[in-house]
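With the hints as a guide, bring the two chains together.
The primary structure of each chain is shown beneath.
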Amino acid sequence: MLHKTIRPVVLLLGAAAVVLPLLVVLFGTFKTLPQLFDSPLSPPGSPTLDNYRRAVDEGGLGAAFTNSLVVTAGAVLLTLVVASLAAFFCARMPGRAGWAVFGVLVAGLAVPAQAAIVPQYVLFDRLGLTDSLLGLVLVDTTMTLPTAVFILGAFLRTIPEELYEAAELDGAGPLRAFRSIALPLTRPALATTGIFLFVMDWNDLLYPLLFVRSQEHRTLPLALLDFQGEFLTQYPLLFAGVVIASAPVVVVYVLLQRHFVSGLTAGAVRG
Amino acid sequence: MSSTRSARSRRATRALWLFPVPALALYLFFFAYPTAQAVQYALTDWDGYSTTYDNVGLRNFTELATGDDVFRNAAENNLKLTVTVVLAQTALALLLALYLVRTTRASTLLRALFFLPTVLSSVSVAFVWRFVYDPDGGLLNSGLRAVGLDSWQSVYLGNPDTAVFWLAVTQVWFHAGQMMVVYVAGLQAIPRELYEAAELDGAGRWDSFRHITWPLVAPATGIVVAYTTVQSFKAFDLVLGLGGNPPGPALDLLSTRVYTTFSNNEFGYAAAQSLVFMALIALLTWVQRRALRRAA
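Chains Z and Y, in that order, give the protein sequences.
The numbering of the first sequence is our numbering, which starts it at 1 and goes up by one.
The numbering of the second sequence is our numbering, which starts it at 1 and goes up by one.
Do not rely on the hints blindly, as some may be mistaken.
[To be verified] Now the in silico label distances, taken between C-beta atoms and shown as ranges:
(1) Y:GLN188 to Z:ALA15: 15 to 25 angstroms
(2) Z:SER214 to Y:THR51: 22 to 32 angstroms
(3) Y:THR103 to Z:VAL19: 20 to 30 angstroms
(4) Z:ALA154 to Y:PHE209: 30 to 40 angstroms
(5) Z:LEU77 to Y:THR13: 23 to 33 angstroms
(6) Z:ASP170 to Y:SER107: 45 to 55 angstroms
(7) Y:GLN188 to Z:ILE6: 17 to 27 angstroms
(8) Y:LEU87 to Z:ALA15: 14 to 24 angstroms
Worth flagging that the hints you see were computed from the coordinates, not collected in a lab.
As the structure is a prediction and not an experimental result, all values here were calculated from the model.
The beta-carbon is built from N, C-alpha and C at its ideal position, and this holds for glycine as well.
Bound conformation, chain Y alone (with noise of 0.2 angstroms):
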C-alpha cells in the first residue's frame, strides 16, 4: 500500500516537473539568453547588419565613461529627474493617502480619480501634457493669462534648463496615485490604540506623526522610494511622446539614448550602453535598500 503510493507519488514528482517548461523556455530563450550575449555584443563594433565585426576589448566602456557627452549629459538629465521625481511622488503619494486612509465613500472616490492615471499609456499621458505645456495655446499659458500672471508664462519643454523639471511633474501627475495606494496599505496596518494612546500622553497631531506615522510606515516608504527610483531611471515613453522622436538633449535619458544608439546601428556601443544603465539601476537599487533599511 505505501510503496504503491509512494511510487505514484514520485511518478507524480516527475510529471510535475513539466510545469515550468513553457516558462522556462521562453524565459531562458528570449530575455536571458539575449541579457547573457549582449556582454558579447557589448565588446564589439558590430553595426548590425554586417557579417563581420571586430572585438574591441573594452574600448566601449572606455568611450563611455571618457569620451562621450551626450551620453554623460543623458546621464545627467536622468539623475535630475530621479531625484526630483523621488522626493516629490513620495510626499505626495504620502500627504494624499493620510488624508485618504480612512475609508468613506469619499475618499474611495478619491482614491480612485487619483489612481486612474496610472492606467492610460504613457504616449496619451505625453499628449495631454503636451497640450498643458505648449507655449501658445497650451493650458498652463492660457489659465496664466486669465488670471492676469501674464508675466509667468514660459516655454517649458522648450528651456533646456528647466524641460527636465516639466517632465518631472508629468511623471508625478501620472504614478503618484499608484504610490498613494502603497501608503494607504501601509497606513492601514498601523493600529489606532497607537494613536489613541499618544493622544492620552497629551501628543499633538505633529507628535504623533513623527513617532507614530513616520516610522511604522517605513516599509512602506521604502517600497515607494525603490519603486519610483528604479521607474523614472527607466521612463522612457513618456519622453519619446513629449520630447519627440529621438528627444533633443535637453530631455535625453539613458533609457532613450540606448535606444537611438540602436536606432542608429551601433549595435555594440548600444549594448554597452544598456548594461552601463543595467547596472546603474542595480547599484542605485542596492544603495537605496541600505540606506532605507539603516533609516527604518
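In isolation and in its complexed conformation, chain Z is listed as follows (with noise of 0.2 angstroms):
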C-alpha cells in the first residue's frame, strides 16, 4: 500500500531533477544574468538572442562546432572501417590467431587513457600531430578502437558459418565475403557503434585539452572549458555554449534513442 504512493513520488522527483537543471539552461540562454538570478524557473520573459550571439562571436563556438564536426566525422567514419575489418578477422580467422588479435585490442579497455597521456603527447608532438585535427582523428580512433572491435566482434561471430561457406563455394575471396555478408548484415551493430562512438568523440576533452595549443583548432568541449576563463560567472552565455555543443547530441538522441541504449549499454558491459 505504502509502496503504491512512494512509486510515483520517487519517480516524479527524479523526472523534475533531471527536468529542471536542464529547463533552467535552455530558458537561461534568453535572459540577462540579473533574469537569471531573480527568477531561474520561470519562461524568458523579453527572450533575446544575445548570449548566443556573444557564445559564437566572442566565445569562438562557431569555429569550434566545425572542428568538432570535422574530427568527429573523421574520427567514426576511420574507427568504423578500421574496427569492422579487425572484427571480421577475429571472428572468421580460423584457430587461436582470431582469439589473440581480439584479446590484444580489447585490453585496452582496461587501460585508463591517462595512462599513456605523457609518452603519447611525446609521440603526437614528434610527427607534428599536435595542435592539428587529423592528429585528434587519430587520437579518437585510436583509443575508441576496443570499444567498436569488443561490439562489432561480438556480432560478427553470430553471423552463421554457412553463409560464408556458400560464398567461398562460389569463389568469393574475405574480401567480397566481408562487402558482401558481413557488412550488410552487420549494419545494426554498425549503427550502434557509430552512435555510441559519436557521443564519445563529439564530447571528448582529454586530447584537445592536452594537444590543441592554438584557437582555431579547438574543439566545442575545449572551446566550452575556455569560457570559465573569459566569462566565469556569465550564466547565460555559459548555457548558450552548452546549449549549442548538444543540440547536435540531444537532436540524435531523440531520433535514434533505440540505438543509443544498445550502444551505451554495451558499453558498459566491458567494465
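See below:
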C-alpha cells in the first residue's frame, strides 16, 4: 500500500531532478544574468538572442563547432572501417589467432587514457600531429578502437558459418565475403557502434586539452571549457554554449534513442 | 577438386591476415607503445623539453608513496568520491529500474528521460551544475530561500569538507540513467513464474525482492558496480568544469593530478603518477570482481 504511493513520488522527483536544471539552462540562454538570478525557473519574458551571438562571436564557438564536426566525422568513419575489418578477422580466423588479436585490441579497455598521455603527447608532438585536427582524428580513433572491436566482434560472431561457406563455394575471397555478407548483416551493429563513437568523440575533452594550443583548432568541449576563464559567472553565456554543444547529440538522441541505449549499454558491459 | 579448394582457402586465409593490420598498427603505435614507454619515463626526471635527463630509479615512486601530500589528498578525494558514487548510483539505478522495468508508454518515456544526461558532454553537465551550486543566485540556494529554508543554504563546492559529495551528486545525475538501463535488462531476464510461485507460497514484496530479485540480478549488479567504480575513479572532465582548470585541493583527483603535473612539465613524475593511477584501477577492478563473485 505504502509502496503504491512512494513509487510515483520517487519517479516524479527523479524526473524533476533531470528536467528542471535542463529547463533552467534552456530558458536561461534567452535571459540576462539579473533575470536569471531573479527567477531562474520562469520562461524568458523578453527573450534575447544576444547570448548565442556572443557565444559564437566572442567565445569562438562557430569555428569550434566546425572543428568538432570534422574531427568527429573523421574519427567515427575511420574507426568503423578499421574496427570492422579487424573484427571480421577475429570472427573468421580459425584457431587461436582470431581470439589472440581480439584479446590484444580489447585489452585497451582496461587501461585508462591517462596511463599513456605523457608518452603519447611526446610521440604526437614529434610527428607534428599535436595542434592539428588530423592528430585528434588519429588519437580518437585509437582510443575508441577497443570499444568498437568489442561490440562489432561480438556481433560478427553471430553470423552463421554456412553463409560464408556458400560464398566461398561461389569463389568469393575474404574481401568479397566481408563486403557482401558481413557488412550488410552488421548494419544495425555498425549504426549502434557509430552512434556510441559519435558521443565519445563529440564529447572528448582530454585530447584537445592536451594537444591543441591554437584557438583555431579548438573543438567544442575545449572552447566551452575556456569559457570558464573568459566568462566566469556569465551563466546565460555559458548556457548558450552548453546548448550549442549539446544540440546535435540531443537531436540525434531523440531520433535514434533505441540505438543509443543498446550502444551505451554494450559499452557499459565492458566493465 | 579438393586440392584446388584447399589451396584457394589457404590463399584466402593468408589474405585474411591483412584485415587487422590497420587496427593493430594504430593501436600498437599510438597506444600500446606509449603505455609501455610510460614505464621508461617514470624512472627519469625528464621535464619534457630538455634533451638530457637523469635516470633516477624508483625515486619518483618513493616520493609518491611517502612525501607527496598533494597526491595523497587527491587519492583520498578519489576514494571518497568513488565510494559515495558507487553506493548512491547502484541503489538509485536499481530503484529506478524496479519501478520502470515493465514496458508501458509512461515507463519508456521516463527511461528515455533518465538516460538523457548520459549523452551530454561533461563540460556541459559541469556548467549546468555550477549554476545549481552557485552560492549567490544558484538554483539550490534560491530554491531553499523560496520555500523559507534560508538556513539550509550552503556554499557547496566552496566548502572543502563537502565539495566531493556535491561532485558525487553531479556524477550520479550524469550516469545513473545509463546504469538503470543495465539493471532493466537484468530484471527483464528474470522469469515471471518465479514471482508467481513465491506469491502462491505467501511471500511478501520484500521476501520476493530478497530471495528472487536480488540474487538473480547479481550479474547486473556486478556490471553496474564495476563500471561505476572505474567511471568515478577516472572522473576528469567534470572536475575541470566544476572546480576550474586546474581544480583546487578540495576537488583534486588522481586524474587531474596526473594532468596538472604533466602541464607543469614534470613529465617523468607525471608518468610515475599515471602508472600508480593505472595500477590502482586494476587493483580495484580485481578486488571488486572477487568480492562480487563471492557475493553472487
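Comparing the hints with the structure gives:
no., hint, verdict
1, Y:GLN188 to Z:ALA15: 15 to 25 angstroms, "22 angstroms, holds"
2, Z:SER214 to Y:THR51: 22 to 32 angstroms, "25 angstroms, holds"
3, Y:THR103 to Z:VAL19: 20 to 30 angstroms, "22 angstroms, holds"
4, Z:ALA154 to Y:PHE209: 30 to 40 angstroms, "31 angstroms, holds"
5, Z:LEU77 to Y:THR13: 23 to 33 angstroms, "28 angstroms, holds"
6, Z:ASP170 to Y:SER107: 45 to 55 angstroms, "48 angstroms, holds"
7, Y:GLN188 to Z:ILE6: 17 to 27 angstroms, "22 angstroms, holds"
8, Y:LEU87 to Z:ALA15: 14 to 24 angstroms, "22 angstroms, holds"
In summary, this structure violates none of the numbered hints.
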